[in-house]
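Here is what each chain is made of, one letter per residue.
There are 2 protein chains.
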Amino acid sequence: MSDIDAICLAARSAALALAPLTNEARNRALAAMADAIDGNAVRILEANAQDTAAAEPLVASGEMSEPLLRRLELNERKVAQIAEGVRAVAELPDPLGVARMATLLDEELTLRRVTCPLGVVAAVFESRPDALVQIASLCLKSGNAAILKGGREAAHTNRLMSELLRDAASSTGEVPADALQLVEAREDVQALLSRDDAVDLLIPRGSNEFVRYIKEHSNIPVLGHADGICHLYVDEAADTAMAVRLTFDAKTQYPAVCNAIETLLVHEKKAGEFLPLAAEALAEKGVAIRGCDATRAILASAGAATEEDWGTEYLDLILSVRVVESLAEAVDHINRYGSRHTDAIVTKDEAAARTFLARVDAASVMWNASPRLADGFRYGFGAEVGIATDKIHARGPVGLEGLVTYKYQLEGNGHLVSDYEGADARTFLHRPLPLNE
Amino acid sequence: MSDIDAICLAARSAALALAPLTNEARNRALAAMADAIDGNAVRILEANAQDTAAAEPLVASGEMSEPLLRRLELNERKVAQIAEGVRAVAELPDPLGVARMATLLDEELTLRRVTCPLGVVAAVFESRPDALVQIASLCLKSGNAAILKGGREAAHTNRLMSELLRDAASSTGEVPADALQLVEAREDVQALLSRDDAVDLLIPRGSNEFVRYIKEHSNIPVLGHADGICHLYVDEAADTAMAVRLTFDAKTQYPAVCNAIETLLVHEKKAGEFLPLAAEALAEKGVAIRGCDATRAILASAGAATEEDWGTEYLDLILSVRVVESLAEAVDHINRYGSRHTDAIVTKDEAAARTFLARVDAASVMWNASPRLADGFRYGFGAEVGIATDKIHARGPVGLEGLVTYKYQLEGNGHLVSDYEGADARTFLHRPLPLNE
Chain A
36 MSDIDAICLA
46 ARSAALALAP
56 LTNEARNRAL
66 AAMADAIDGN
76 AVRILEANAQ
86 DTAAAEPLVA
96 SGEMSEPLLR
106 RLELNERKVA
116 QIAEGVRAVA
126 ELPDPLGVAR
136 MATLLDEELT
146 LRRVTCPLGV
156 VAAVFESRPD
166 ALVQIASLCL
176 KSGNAAILKG
186 GREAAHTNRL
196 MSELLRDAAS
206 STGEVPADAL
216 QLVEAREDVQ
226 ALLSRDDAVD
236 LLIPRGSNEF
246 VRYIKEHSNI
256 PVLGHADGIC
266 HLYVDEAADT
276 AMAVRLTFDA
286 KTQYPAVCNA
296 IETLLVHEKK
306 AGEFLPLAAE
316 ALAEKGVAIR
326 GCDATRAILA
336 SAGAATEEDW
346 GTEYLDLILS
356 VRVVESLAEA
366 VDHINRYGSR
376 HTDAIVTKDE
386 AAARTFLARV
396 DAASVMWNAS
406 PRLADGFRYG
416 FGAEVGIATD
426 KIHARGPVGL
436 EGLVTYKYQL
446 EGNGHLVSDY
456 EGADARTFLH
466 RPLPLNE
Chain B
36 MSDIDAICLA
46 ARSAALALAP
56 LTNEARNRAL
66 AAMADAIDGN
76 AVRILEANAQ
86 DTAAAEPLVA
96 SGEMSEPLLR
106 RLELNERKVA
116 QIAEGVRAVA
126 ELPDPLGVAR
136 MATLLDEELT
146 LRRVTCPLGV
156 VAAVFESRPD
166 ALVQIASLCL
176 KSGNAAILKG
186 GREAAHTNRL
196 MSELLRDAAS
206 STGEVPADAL
216 QLVEAREDVQ
226 ALLSRDDAVD
236 LLIPRGSNEF
246 VRYIKEHSNI
256 PVLGHADGIC
266 HLYVDEAADT
276 AMAVRLTFDA
286 KTQYPAVCNA
296 IETLLVHEKK
306 AGEFLPLAAE
316 ALAEKGVAIR
326 GCDATRAILA
336 SAGAATEEDW
346 GTEYLDLILS
356 VRVVESLAEA
366 VDHINRYGSR
376 HTDAIVTKDE
386 AAARTFLARV
396 DAASVMWNAS
406 PRLADGFRYG
416 FGAEVGIATD
426 KIHARGPVGL
436 EGLVTYKYQL
446 EGNGHLVSDY
456 EGADARTFLH
466 RPLPLNE
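Chains as they are written, first to last, in the working numbering: chain A, 36 to 472; chain B, 36 to 472.
These aren't lab readings, by the way, just hints derived from the structure by calculation. Be aware that one or more of the hints could be misleading.
Treat identical chains as interchangeable: a pair holds within one or across any two.
Claimed, not checked - Within a straight-line C-alpha distance of at most 20 angstroms, the following computed SDA-like cross-link-like pairs (lysine to any residue) qualify:
(1) 304 <-> 361
(2) 304 <-> 276
(3) 250 <-> 119
(4) 383 <-> 449
(5) 304 <-> 370
(6) 320 <-> 292
Please model the complete structure; the sequences and the hints are all you need to start from.
Structure representation (structure tokens):
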């Protein structure tokens, strides 16, 4: 049996043992995990120092980026925040055992659709030791066994953290130790990607290229997104000052994240008034503009946008700008070049807004609000598994409900299918029942 | 551009045009489709006669099964039923635009999760011209463009039916003609399976081998099931007469379908009393029993079950039987050999039933009811897309809700992310709103 065979088998077995645990039992394990992080802060920082020491020469030689090093690096405050994050997950409402539908099919025959865990979740992420803890707690809260693969750069930190979490989770005698397993070898990850028989969901976190690679090399359903090509469309009927503020926020507040905008679309009747004001605001932050011909006729300093620009996620202080003749042209542009992540319209015209919200094919569509608001915490989900741009299962910012599925529970009194067939067949009542009965 | 490129492009474009149509507009198209089937019954029967004439020699030579020919064959009554089925789909509640969550994030900042179509659904099925019409109507009702590939045996019927449906759907001037496209060439199907960029969901309908082939050869999410290895567990505390009736119904009422049972598990303290009575009832229908050693010690006429039997879907009048020492052993057997489709317990002991319902990892779990009840119509969904045994997106019998996803609609008044960061940061309200506001 290969390592990955053993890991998958242990994970499936742990998942079956996790499924019937109560919310209280899962929360006791989460509390022990948080305490273990707090109580071992010194050891965690020592392990992390080994990782950062090994990473620094790579940054110097250009093999690793500075922001990647920053995300790898822990300090006392970050460790305390990680422990707090685990406690916050414990406080979320129980995602399991929630009845989402209940029907009286016939006398003494009751059907309920009840949430339950997916089973085994595999998370593969680059660097970021905090991601390991976050995913591990979300999986445990939702009753799933987790197989975790962290970045090589964080090897010491991840190894210690996963040992601490595993020991702490199982210390209460309820959660099996194999509910949480770490994979380190590269060949094990490759093998894991092909185990759609054992893994129910794959959560990749990292760069576009990284997520795209995972999606292309696995048959396991993936929850996540590769690209975040988000748009802001400034309509003919936009409030100009609001449009400038939204453009500035959506591009500059944090340009390196997926819900920052990459392309600004402007109605031709608004462009002359709006674009110079927007360009002036963006210049404060040094944003480079790449525009269509009509944009460049208004903004002399703008570079020329090529066809490639419309499909590019800069993740940087660069913005492509296109002047459009109509709302319909803006919607077409977004549906053609967008990544179905988040797109917004600025307008005072409710009919235009409704058309935009209905016709733009994206996980989040917004009216007079910043696309940067598309986020699980801001949406009120408490914790975020990730943002999904596919349409199956869960879409947009995904909270704990992305880690659960449901089962139908049918309770009868010896009901047969043959009672409902042929002469004298009974008919079904199909009477909806209150969900909390 | 290849044929399949053109088909995919046309389907995506049609999907974007379909998404904003009202329920009334979609229902008008469905009514026209039903009328077109009724009004062309003679032509449909002529085309079908060509298909059955070509199929009969294949049945004679053993290249096609008799049941497959029966499913291919239409008559006046079946054609009328097909048209009625389309009208029944039109009468289902609108699956689109349903708010599933609404939250006031802050003053004048409202988030809604609203159902919307998936986009493009491809259905690939063997024979059965009625499946073509059913899938086409379900896709249209849910605002999805459909790419349909029927069995070669039904080529004439499918071609005529799809032309009639396409013309009828677009006759009201609202649904684009390309909302419904037929694929016939084998190489086009192969090409289609690789188009996860253009197709959002794949629905295969047919034999186990057929569904397994589709799953293995496509990266598109698949809604369906390959195997239906369903179990009935007769607990120590079962009502014996009820257990016999449920066994008889679950095995013999329609053995060739996925929710018929393949394996009967019996508690060792119940086996001596129950098994002879069950065997007597099953013998009426000529069911062959393949038992474990303990079973054969009670039922002298039973054959010997091998390890392979526990993982076999007979779809025939054969039943494997195993005596278990405990409820836990029954649950372990099901989780090991089952296909996560439908499994039931017969017992008067509520605690045993609750344990079974919680621990068995299947789409439908039942207490004192026949697994044959696991079906979209019987569950009250009105129409069935299929039964899914995977855990992602939709599980178990799937109605129209399996053909929709959701989008988040955020409506604000110029809300920025920077308002919620740094000093003087606003905090979110996250106040739940009634769904129908």
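Verification of the hints:
In the homo-oligomer, the alpha carbons of residue 304 and residue 361 lie at most 20 angstroms apart inside one protomer (9 angstroms), although the nearest pairing across protomers, at 76 angstroms, exceeds that limit. Taking the shortest alpha-carbon separations for residue 304 and residue 276, only the intra-copy value of 16 angstroms comes in at or below 20 angstroms, while the best inter-copy value is 79 angstroms. With identical chains, the CA atoms of residue 250 and residue 119 are never at most 20 angstroms apart, being 32 angstroms at best within one copy and 42 angstroms at best between copies. Taking identical chains as interchangeable, the C-alpha atoms of residue 383 and residue 449 lie at most 20 angstroms apart only when they sit on different chains, with a minimum of 11 angstroms there against 61 angstroms within one chain.
Within a single copy, residue 304 and residue 370 get their C-alpha atoms no closer than 22 angstroms, and across copies no closer than 64 angstroms, so neither meets the 20 angstroms cut-off. When the C-alpha separation of residue 320 and residue 292 is checked against a cutoff of 20 angstroms, the pair qualifies only within one copy, where the shortest distance is 16 angstroms, while the shortest distance between copies is 65 angstroms.
Violated hints, listed in ascending order, are 3, 5; each of the other numbered hints is respected by the structure.
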